[in-house]
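**Student:** These are the residues of each chain, in order.
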Amino acid sequence: MTTYTAKDFSTDQDVRWCPGCGDYSILKQVQTVMPELGIPKEDIVFISGIGCSSRFPYYMNTYGMHSIHGRATAVATGLKSSRPELSVWIITGDGDSLSIGGNHLIHLLRRNLDVNIMLFNNEIYGLTKGQYSPTSQMGKLTKSSPMGVIDHPFNPLTLALGADATFIARTMDRDPKHLREILLRTHNHKGSSFLEIYQNCNVFNDGAFTIFTDKKSKALETVFLEHGKPIVFGEGNTKGLALDCLTPKVVDVEEYGIDNLWVHDETDLTKANLLARMFDGPLNGVQFPRPFGVFYAVNRPCYEDLMTAQIKNAKELKGEGDLDAILGGKNTWEVK
Amino acid sequence: MALLKDNKREKVTIIFAGDSGDGIQLTGFEFSNTTALFGNDLSTFPDFPAEIRAPQGTVSGVSGFKINFGSTEIFTPGGLADVLVAMNAAALKKNLSQLKKNSLIIANEAGFDARNLKLAGHIDAADPLKEQEAHHQVIKLDVTRLTREALKDSELSMKERDRSRNMFVLGFIYWLFHRELSHTEKFIAEKFKKNPEVANANITVLKAGYSYGITTESAYERINIEPASLPKGVYRNIVGNEGLSLGLVAAAQKSGLELFYGSYPITPATDILHHLARHKNFGVKTFQAEDEIAAATSVIGASFGGDLGITASSGPGIALKAEAIGLALMLELPMVIINVQRGGPSTGLPTKTEQADLFQAMYGRNGEAPLPVLAVSSPADSFSTAYEACKIAIEHMTPVMILSDGYIANGAEPWRFPKKADLEPIKTNFAKPIEEAYMPYKRDANGVRQWAIPGVAGLEHRLGGLEKEDITGNVSYEADNHEIMVKQRAAKVDNIANFIPLLKSDIEEGDLLILGWGSTYGSIKVAIDRLRSEGVLVGQAHLRHLNPFPKNLGEVLSKFKHVLIPEMNNGQLVQLIRAKYLVDAKGLNKIKGMPFLADEIVAGAMAVIKE
Ligand SMILES: Cc1ncc(C[n+]2csc(CCOP(=O)(O)OP(=O)(O)O)c2C)c(N)n1
Ligand code: SF4
Ligand SMILES: [Mg+2]
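Protein chains in written order, with this note's numbering: chain A, 1 to 336; chain B, 1001 to 1611.
Careful: at least some of the hints might be erroneous.
Only part of the chain B face toward chain A is listed, based on derived beta-carbon distances under 8 angstroms [stated by the list, open to error]:
| hint | residue |
| --- | --- |
| 1 | Asn1033 |
| 2 | Gly1233 |
| 3 | Asn1281 |
| 4 | Ile1293 |
| 5 | Glu1460 |
The calculated lysine to any residue pairs, modelled on SDA-like cross-linking and capped at a C-alpha distance of 25 angstroms, are [stated by the list, open to error]:
| hint | chain 1 | residue 1 | chain 2 | residue 2 |
| --- | --- | --- | --- | --- |
| 6 | B | Lys1280 | A | Tyr24 |
| 7 | A | Lys318 | B | Pro1418 |
| 8 | B | Lys1186 | A | Gly329 |
FYI, nobody ran anything at the bench for these hints, they're computed from the structure.
All residues carry an ideal CB built from backbone N, CA and C; glycine is no exception.
Given the sequences, and given the hints that come with them, work out the whole structure.
**Tutor:** In structure tokens form, the structure reads like this:
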């Protein structure tokens, strides 16, 4: 097989995002990771909806489709069902996937098609120039909420868990190394992989994720999950998470003892839910760091495989379809 | 008995009617199959109750099945009926207005007891059957008692025994019309093969009904309808929605593509999903989507992947698919969209038929978005329309809309089915790897681009709904380019006129042309015969291709003094024709959720001629 470099995955099209947009960094990391997948370029398809982020496929030298607003998930469902051997990537924004496309997203997740969903969450409608989105924070001042947002925001990861996603993860545009790592994990998961990426829209929602990305606050405000390892964070990993029965708490590692910490288990749905809930302010009065990494990863049969199996089964049971037999049906008569 | 003594009778219309639980559809269906095998031409139409579980015995719970059969060619399920089989008082009440004078009513006596009379809303102490004896011939059968008698040795429970009552009636009707029992016996044995006791009971009762006819012979005269002289060939009965489904499967087989069908259930299109889901051994992939938007867009995904992508719905669902259809049109990928029309707007009349979505098919998208539109004219026409739509979609790389309607979807008639080998070939136009860079929007002489599918090295490309640059397919906002592309997309569709047959009118010129489309075909045909017998120089032409129109349509129109366009809508084709050909075509419109009666068209035609 040909070995690729990142350059093989870029196109001759001018990239049209605003200078400084977080989308650039994500594009770069995706192009960097692609050669590592070991998949021929022609077997990779990027499908997007509509939004700034959804321009992405034009910049990837693979097969691609820039579809319509909110429907990339449904387009991908058809493509993956008909061509299970392809590596299908869905590019979507917070408005695209959680507002207009919310329905298709949850149905894709429950069906568990083997696709990778990259949700570029900038907590704003970028392309339409700055209205609040379903992930914008309460009280947020935007063009369409001059007195502040009054819609309670979605937590994309708990939504995905609620739809029985088999893989959920979070990363951010400003941490290229982590982004690449998680992209690989996303690709390697068999089933619907749901990856939320915090993406800075420097024009309409600048700094929405600064506390997670800025050196000064990052250590205390974020926690990076690793399967099988105690969950630690803070400067020098001096803080940790622990469980009191099923109540999470923040502890001092030295005081509490490293062996007594919460050990991350990607296959534990209950604990994945607890981690995903560390989202909007204090949980039971405690301010938790925002988790990044793979929260949950389990296996469940994929829709396209079940479909293929049914077809195979039908052929075995009834034999390869005989068109003349069904055209004639069971009762025929001849007029002479 | 006026009806039965009429030896010269060429055709008969029967309505079977009863409670949803009376097995009416099955009785009608079996009678149709036996009648078809006997060699009559026929046309049938079911009349389902609007509610799934309407209260038993009430008029709203009546299920009906109409069959028109004869020794001559049959074009519609018939107007007023000659025979009514009424399993209860509600069935009689609902269908009385559908009967000719001096018809035959066959009534199940037990269905006319005090309780049933009350449920049907008859006034106290009235005896509706007795009242009808003044107008019609009434045969009362004590079906329940006779069925129980026939099954007195059966092991089945009373309830189970009573369930075969419909077979008694069917047996009696078979006797009345000189039909054989063998087909239905075979059918019952097959249907209940896991339950021989039930199979035996049904066959016993069927025979009992037939024998009852023999033993009471002197009381009733039998009706003799000779076989019809249809064109030579092998036939079967076909229901419209099944015909469409078979057309899709056949197109997939002939083109060598796999069929991907994405759909969301809606009356009266759902049966297509049911049919296709049974054909998985043909590699058919059926996807029951979460809504019509997902149905249509999943089909686009499958089509991008190289499948033959099909979706079907009815008006409300087609409205939801509109944005996706526009995308398919921009992507220039093959796709077939079937609209089995029902009464609209909005939820409208879900179980009634209408042809009011022609404008939706023509114009129901944003921007300049023309696509080919084909209409089905009868159940037997469904197959070839679906097949041709797929052929156009694949060979011209475009979404294609098929218009059917509730009347065709559930109606049945004999169909001289083709052999796979005789079907026209369908050529796919897949791009092959080439030395130069692949140009997704490079067109051939017919304005058709090539289909490049993932998995082929060297053809990697990006499609999308943003305007394309001519040839390269890159995103382009350039003013001149947009105009060029809009015209190219339109020209591609217009050019399909060079690939479709010319329109034929059954006479070349005359005083009046009745131009139709869709399911009005049969009623118009019958009306034409009547008009001719009255000396009117009238011709019929029927359009399958509504966009583009056949090239000679203008010429055909010009050969007639008057043009009349009957439609089950408020006048849509008539507007298209007037706008395009500047002829003074007149509309004849019926918007009652029901097909035209031939006489209504005759009256409309007479009015135009007398003008
Ligand atoms: C059917 C439809 N409705 C509305 C729009 C307008 N529109 C385009 S993108 C968008 C929101 C995009 O927000 P998001 O998905 O968060 O993407 P971002 O631009 O932030 O990356 C809207 C409302 C559209 N293109 N199509
Ligand atoms: S508007 Fe925001 S999200 Fe869109 S390109 Fe500009 S910075 Fe990026
Ligand atoms: Mg956004």
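**Student:** Evaluate each hint against the coordinates.
**Tutor:** Results for each hint:
{"no.": "1", "hint": "Asn1033", "in the structure": "holds (6 angstroms)"}
{"no.": "2", "hint": "Gly1233", "in the structure": "holds (6 angstroms)"}
{"no.": "3", "hint": "Asn1281", "in the structure": "holds (4 angstroms)"}
{"no.": "4", "hint": "Ile1293", "in the structure": "holds (6 angstroms)"}
{"no.": "5", "hint": "Glu1460", "in the structure": "holds (5 angstroms)"}
{"no.": "6", "hint": "Lys1280/B / Tyr24/A", "in the structure": "violated (44 angstroms)"}
{"no.": "7", "hint": "Lys318/A / Pro1418/B", "in the structure": "holds (22 angstroms)"}
{"no.": "8", "hint": "Lys1186/B / Gly329/A", "in the structure": "holds (15 angstroms)"}
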